[in-house]
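Q: Sequence:
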Amino acid sequence: MAPEPDNTRDEPETDAADPCQRAAIEAIVAGENVFLTGGAGCGKSFVIQEARRRLKELRRNVVVCAPTGIAAVNVGGTTVHRAFHLGIGVLGRDSRLRVREPVSEADVVVIDEVSMLRCDVFDAVTAILRKVRPRPQLVVVGDFSQLPPVTAGNDLDALRDEYGLLWRGPFAFQGRTWASWDFHPFVLTQCHRQQDAAFLDALTNLRKGDRATCRWIWEQARHDPIPGAPFVAATNRVVDRVNQERLAALTGQEHVYRSERSGEFGCGNPVDETVVLKRGARVVCCKNDPQDRFVNGSCGEVVGFSGSKTVRVRLDSGATVAVEPVTWSAVDYEYDEDEGELREVERGTFTQMPLRLAWAMTIHKTQGLTLDAMNLDPVCFENGQLYVALSRVRSVGDLALTQPVDPLWLKVDPEVRAFHRQVWETSQAWDPSEHTVKTEWRPKGRRRVCARVRPKPKPRRGPFPG
Numbered sequence: 005m006a007p008e009p010d011n012t013r014d015e016p017e018t019d020a021a022d023p024c025q026r027a028a029i030e031a032i033v034a035g036e037n038v039f040l041t042g043g044a045g046c047g048k049s050f051v052i053q054e055a056r057r058r059l060k061e062l063r064r065n066v067v068v069c070a071p072t073g074i075a076a077v078n079v080g081g082t083t084v085h086r087a088f089h090l091g092i093g094v095l096g097r098d099s100r101l102r103v104r105e106p107v108s109e110a111d112v113v114v115i116d117e118v119s120m121l122r123c124d125v126f127d128a129v130t131a132i133l134r135k136v137r138p139r140p141q142l143v144v145v146g147d148f149s150q151l152p153p154v155t156a157g158n159d160l161d162a163l164r165d166e167y168g169l170l171w172r173g174p175f176a177f178q179g180r181t182w183a184s185w186d187f188h189p190f191v192l193t194q195c196h197r198q199q200d201a202a203f204l205d206a207l208t209n210l211r212k213g214d215r216a217t218c219r220w221i222w223e224q225a226r227h228d229p230i231p232g233a234p235f236v237a238a239t240n241r242v243v244d245r246v247n248q249e250r251l252a253a254l255t256g257q258e259h260v261y262r263s264e265r266s267g268e269f270g271c272g273n274p275v276d277e278t279v280v281l282k283r284g285a286r287v288v289c290c291k292n293d294p295q296d297r298f299v300n301g302s303c304g305e306v307v308g309f310s311g312s313k314t315v316r317v318r319l320d321s322g323a324t325v326a327v328e329p330v331t332w333s334a335v336d337y338e339y340d341e342d343e344g345e346l347r348e349v350e351r352g353t354f355t356q357m358p359l360r361l362a363w364a365m366t367i368h369k370t371q372g373l374t375l376d377a378m379n380l381d382p383v384c385f386e387n388g389q390l391y392v393a394l395s396r397v398r399s400v401g402d403l404a405l406t407q408p409v410d411p412l413w414l415k416v417d418p419e420v421r422a423f424h425r426q427v428w429e430t431s432q433a434w435d436p437s438e439h440t441v442k443t444e445w446r447p448k449g450r451r452r453v454c455a456r457v458r459p460k461p462k463p464r465r466g467p468f469p470g
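With the sequence shown counted from 1, adding 4 to any position gets you this note's numbering.
Worth double-checking, as some hints may not be accurate.
[Stated by the list, open to error] Straight line, CA to CA, 25 Å or less: simulated BS3-like cross-link-like pairs of lysine-lysine:
no.	residue 1	residue 2
1	K60	K212
2	K212	K313
3	K212	K282
4	K369	K282
5	K313	K282
6	K313	K415
[Claimed, not checked] Estimated spans, in silico, between C-beta atoms of each pair:
no.	residue 1	residue 2	range
7	W222	R102	49 to 57 Å
8	R57	A183	16 to 24 Å
9	G311	A253	21 to 29 Å
10	R241	T355	38 to 46 Å
11	E419	G322	16 to 24 Å
12	D244	A216	30 to 38 Å
These are computed hints drawn from the structure, not numbers from a lab. Heads up, the beta-carbon is just placed ideally off N, CA and C, and yes, glycines get one too.
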C-alpha cells in the first residue's frame, strides 16, 4: 500500500526558508514588483503566504488572486476576472476597463499561477492598475514550464487578430505590458519536494525539454503497478472511466453526498457536486484537516460510514479518521473607510464531503499535490504536462509507468525556454542596503514604505538550471 503523502513537507517553516525565499519576501515587503518562479516543489506558495502575513502586519491592503477558481480558493483569494471586474472572452484595447473595489484600494496585488493567465488578461490588469496610481505594486508567481493558459480555438483566432504583428503567444510574458513592470525576478532553485538528486536532475532536464531524459525515466521507474497508488492520466475521459469501473465493481451500498451552496460561489467546484462512495473505495482528501489528521492529497480507503455525514477512511499511514463535510469559501474584498483598509468578505460557500475517487486522477488535478506513489500513463499532449505529472512524486522509485515515455510527449514551448533563460541571467540577490527607501503618505494618514531605487543587475554565476 502506498504511504500517505505529507504535503506539509512541501513548504518549509518560516525560520527554515532558504535564502532566495527570504530575499523574495523582503523584496515584496519593501515594495518591489516581483516575478517569483522556480520548478515544482520549490516553495512558491510559502513565499506568498509569508509575504501576505508580513504585509498585513504593516497594514498594507493586499489583493490575492489567480486565473482559475480552484487556484483562487487554494491560495485564499479570488479570481483575476472577479477582482478586476473583467468580461468574458478576449480583452482588447477597446475593452471597457473600469477601476473598482477592491483594486482601487489595493496597495499590493498578488497573482498566483500566472503561467495560466492569458496575455490579454494580463494587459487588462496592467491598464487598470495604472489607472489606480502611477506606481502600483504587482507580484506575479508561477512557473511557465507547467500548465499553460487555456485558449479555445475561437479565442486563439481573436487573440491573433487583436495583437496582429505583435502576436507571440498566449502567455502573460508575451503581452504588450509585461516588460513595463520591470519585475525583480527571483528564481527558486532549492527543491523542497524531491530529495533524490538523480531524479531532481532528470526533472530539471525535462523542464528544459531534454528528450533524451525520457529513456532514463523509463529505465529507472517501476513497470508493474504500485498497489494502492493512484493512476494518473492526461484526460478526464480515461480517469472517469477507470474510477467508475472500479466503483461499480465494489459490492455494498452506495452512499451519496450532495453539495450545498450559499451566496455566490462561482469558483469552480473543489470536489464533485455529487460524491458517490462505497466501502472499499479508494479516495483522496481534497482539503487540509483543521485537526491536522490529514492534508490535501492524503490517500486512503473507505472502511465504513457513520450516520449520514461521516465517512471513515483508513489512510495509507495506517490511521483511521472520520471525515465529515467541510466548507470552502469564496471571498471578495471590501474597503472599510473607517479603518482605511481592505477586508476579506465571504461572498459564498460550497459544502461537501472533501473526498474524490482516487483510483485515477488527471494531471491537472494533481498540480500542487505531492504523491508518495503514482501509476502514470505518460501520454501527454500539452506543453508542460509531462513535467507536471512526473514532478508529483519525490523519487523515481515511487513512480510506475504503464508504457515507455515517447520523447514526443515531452512538450516545452521554445518561447518559454528562452524566457526562463533570460530571467535567470537577469535575476540577482536581494540586498536591502542597496535600495533607497522613502515614505509615501496616503489618505487618512496611512503610510506606505516602498523601494524606489534598484541596483544594476549582477550577472548570475553557474549554469542555467532550466
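Q: Given the hinted pair K212 and K282, is their Cα-Cα distance within 25 Å?
A: violated, 43 Å
Q: Does K313 pair with K415 here, judged by a C-alpha cut-off of 25 Å?
A: Given pair K313, K415 is violated - Cα atoms ~44 Å apart, limit 25 Å.
Q: Starting from the range 16 to 24 Å, see whether the pair R57 and A183 falls in it by beta-carbon distance.
A: violated, 30 Å
Q: Check whether the Cα positions of K313 and K282 lie no farther apart than 25 Å.
A: holds, 14 Å
Q: Holds or violated: 16 to 24 Å for the Cβ distance of E419 and G322?
A: violated, 47 Å
Q: With respect to the beta-carbon atoms only, verify the hint that G311 and A253 lie 21 to 29 Å apart.
A: holds, 26 Å
Q: Hint check: K212 vs K313, CA-CA at most 25 Å. Holds or violated?
A: violated, 47 Å
Q: Does the Cβ distance between R241 and T355 fall inside 38 to 46 Å?
A: violated, 29 Å
Q: With the threshold set at 25 Å, check whether the alpha-carbon distance from K60 to K212 stays at or below it.
A: violated, 37 Å
Q: Within 25 Å, alpha carbon to alpha carbon, are K369 and K282?
A: holds, 22 Å
Q: Quick check: does the Cβ-Cβ distance between D244 and A216 fall within 30 to 38 Å?
A: holds, 34 Å
Q: Can you let me know if the beta-carbon spacing of W222 and R102 is within 49 to 57 Å?
A: holds, 53 Å
Checked against the numbered hints above, the structure violates hints 1, 2, 3, 6, 8, 10, 11; every other hint is satisfied.
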